[in-house]
Amino acid sequence: MKTISRRQFLGITTKMTAATAFAGTFAPSATSFFGLGGIAHAATKKITPFTFAILTDAHLYDIKDHKFDAFLEKGVADINSMNPLPDFVLYAGDIGQSGKDSELKKGKAILDKLKVKYRVIPGEHDWYLDMGKSWKGHFGNETWSFDHKGVHFIGMNSILVPDFWTMAGLTPEERMGRMEELECHNCGLWGVGSAQLEWLAKDVKNISRDTPVVILTHSPLWNYYPRWNFQTVDAPEIREILRKFEKVIAIHGHVHQVVYNQIGNISSAGLLSTSWPWPYPPVELPYPHLKMNRVDPGNFEDGLGSHAVNLAADFMGTLNYREFAHLLPENVRRGLKL
Amino acid sequence: MNGKTFGIKAGVIASSVVLALLAATAQAKEPRTPVQAEDEWNALMAAVKKGDDLWHNGKLGTNGLACGNCHPDGSASNPHTWPKFQTNLGKVGTLREMINWCIAVPMQGKPLPLDSDDMIAMEAYATYTHRGVAIAPAKDEQHGAVPVVSGPGYPTAGGH
Ligand SMILES: [Fe+2]
Ligand SMILES: [Fe+2]
Numbered sequence: 114m115k116t117i118s119r120r121q122f123l124g125i126t127t128k129m130t131a132a133t134a135f136a137g138t139f140a141p142s143a144t145s146f147f148g149l150g151g152i153a154h155a156a157t158k159k160i161t162p163f164t165f166a167i168l169t170d171a172h173l174y175d176i177k178d179h180k181f182d183a184f185l186e187k188g189v190a191d192i193n194s195m196n197p198l199p200d201f202v203l204y205a206g207d208i209g210q211s212g213k214d215s216e217l218k219k220g221k222a223i224l225d226k227l228k229v230k231y232r233v234i235p236g237e238h239d240w241y242l243d244m245g246k247s248w249k250g251h252f253g254n255e256t257w258s259f260d261h262k263g264v265h266f267i268g269m270n271s272i273l274v275p276d277f278w279t280m281a282g283l284t285p286e287e288r289m290g291r292m293e294e295l296e297c298h299n300c301g302l303w304g305v306g307s308a309q310l311e312w313l314a315k316d317v318k319n320i321s322r323d324t325p326v327v328i329l330t331h332s333p334l335w336n337y338y339p340r341w342n343f344q345t346v347d348a349p350e351i352r353e354i355l356r357k358f359e360k361v362i363a364i365h366g367h368v369h370q371v372v373y374n375q376i377g378n379i380s381s382a383g384l385l386s387t388s389w390p391w392p393y394p395p396v397e398l399p400y401p402h403l404k405m406n407r408v409d410p411g412n413f414e415d416g417l418g419s420h421a422v423n424l425a426a427d428f429m430g431t432l433n434y435r436e437f438a439h440l441l442p443e444n445v446r447r448g449l450k451l
Numbered sequence: 083m084n085g086k087t088f089g090i091k092a093g094v095i096a097s098s099v100v101l102a103l104l105a106a107t108a109q110a111k112e113p114r115t116p117v118q119a120e121d122e123w124n125a126l127m128a129a130v131k132k133g134d135d136l137w138h139n140g141k142l143g144t145n146g147l148a149c150g151n152c153h154p155d156g157s158a159s160n161p162h163t164w165p166k167f168q169t170n171l172g173k174v175g176t177l178r179e180m181i182n183w184c185i186a187v188p189m190q191g192k193p194l195p196l197d198s199d200d201m202i203a204m205e206a207y208a209t210y211t212h213r214g215v216a217i218a219p220a221k222d223e224q225h226g227a228v229p230v231v232s233g234p235g236y237p238t239a240g241g242h
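Those protein sequences? They're chains A and B, same order as listed.
If you want the numbering used here, it's the position in the first sequence, counting the first as 1, plus 113.
If you want the numbering used here, it's the position in the second sequence, counting the first as 1, plus 82.
FYI, nobody ran anything at the bench for these hints, they're computed from the structure.
Beta carbons are placed, not taken as given, at the ideal position from N, Cα and C, and that holds for glycine.
Any given hint could be a false lead.
Claimed, not checked - Chain A regions said to be covered by chain B (calculated; three or more residues, Cβ under 8 Å): (1) 174–180; (2) 189–201; (3) 288–299.
Said to hold, decoys possible - Here are the computed lysine-lysine pairs in the DSS-like style, where the Cα-Cα straight-line distance is at most 25 Å: (4) B:K166 to A:K177; (5) A:K180 to B:K166; (6) B:K192 to A:K177; (7) A:K213 to B:K166; (8) A:K213 to A:K177.
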């Protein structure tokens, strides 16, 4: 495997996807079995097993020596301590709290301490002060894909809401302030929008159906709790575009909690933040045995953590929550089967 | 006697209690008019609104955090379970004491006087977001407020 520099890695675009289009033979059906999280499918095309790590939702404030700085540092140190190191790190959005350039800059400086390359998508907290201008300056394109050891990785910006600010005459600060509230009463539902849907359709057009796919978005690609934007409004269209694949692993930030779902060929998992955990919304969980325990408000590290995902040769994935404290029930601690 | 009486200052409360007692012995109390009822409801809603603002604007803390960061829609404040023994308080305490604990510890702020208007507003917001939830002393649960599936800007999203 040729190694790539961080710069090359960050510059990878859809062009590379053609490389996987010719490999692999057609097999009629994937084997499947009951995993911890329900039905986790294997894929027929064999990949070179590898591990990648994930961090998300640092919510850094423009305040010196804020406790959340230390938690992101801790996540970075944890990943740097992995032996062997993961192949790369994905970051699932909400680096900053109020979209300020100073917050994003601070976040980038901490993430740059990672010993391996990393790739980032935006969250709503990164975006709505200047509509992504600073974020793009620091992290590049918000929509991307690349191939790694036989797996096709996709990252998308899922936090785009229809304009609620122009008519209301809101300043950028007011717009950001509204979006900062999880339960914002008039921000509306967000999604990826038609341009990214088109991009996605093109991106996967020439990729064979037996290619393993991992997709990273800030919000879940299923309808969990719209009130808190625990949803992506065009998730049904995304799932339709990805339906041809034998198996897709979807990973999302934003929920600050352990949550799992499985819809058709897509298994989906939520992540721990490095800032604060969120309570479960008042709806039934699709896999109620896969959740974290109640948090001790006196332990600021409770419910926080980093993550490692191991992908086996048959694309069976295991998501390990690397919690900072000791909160996870035994079944979740063993890892979620993706 | 209506609940509003208790919203005013101590001296006034004392005299109005006396007046109310006199009135009760002298004659049957007039039924509450719809206009009065609406005024009282609006007064409560004003307190809820104030509580909503305090819950979200971060002014109670010093590190930028607001209650809403960790308790969206008032969730996991579980007002229907108080008073109860709470480990961090180390005793059987009240919702208001726990609100103060969260101001002081995760938000590094200054606790509110327990009987202040701001504290009453915080409590009003917490209980209003849990309206209709059954009182359940010390119940071990993390309640997620009253589910909101639709509202301005929040139509029920497309199916699974
Ligand atoms: Fe977040
Ligand atoms: Fe978010």
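Inset, instruction - Kindly indicate which numbered hints from before are broken by the structure, ordering the numbers from low to high. - result: The structure breaks hints 2, 4, 5, 7; every other hint is satisfied.
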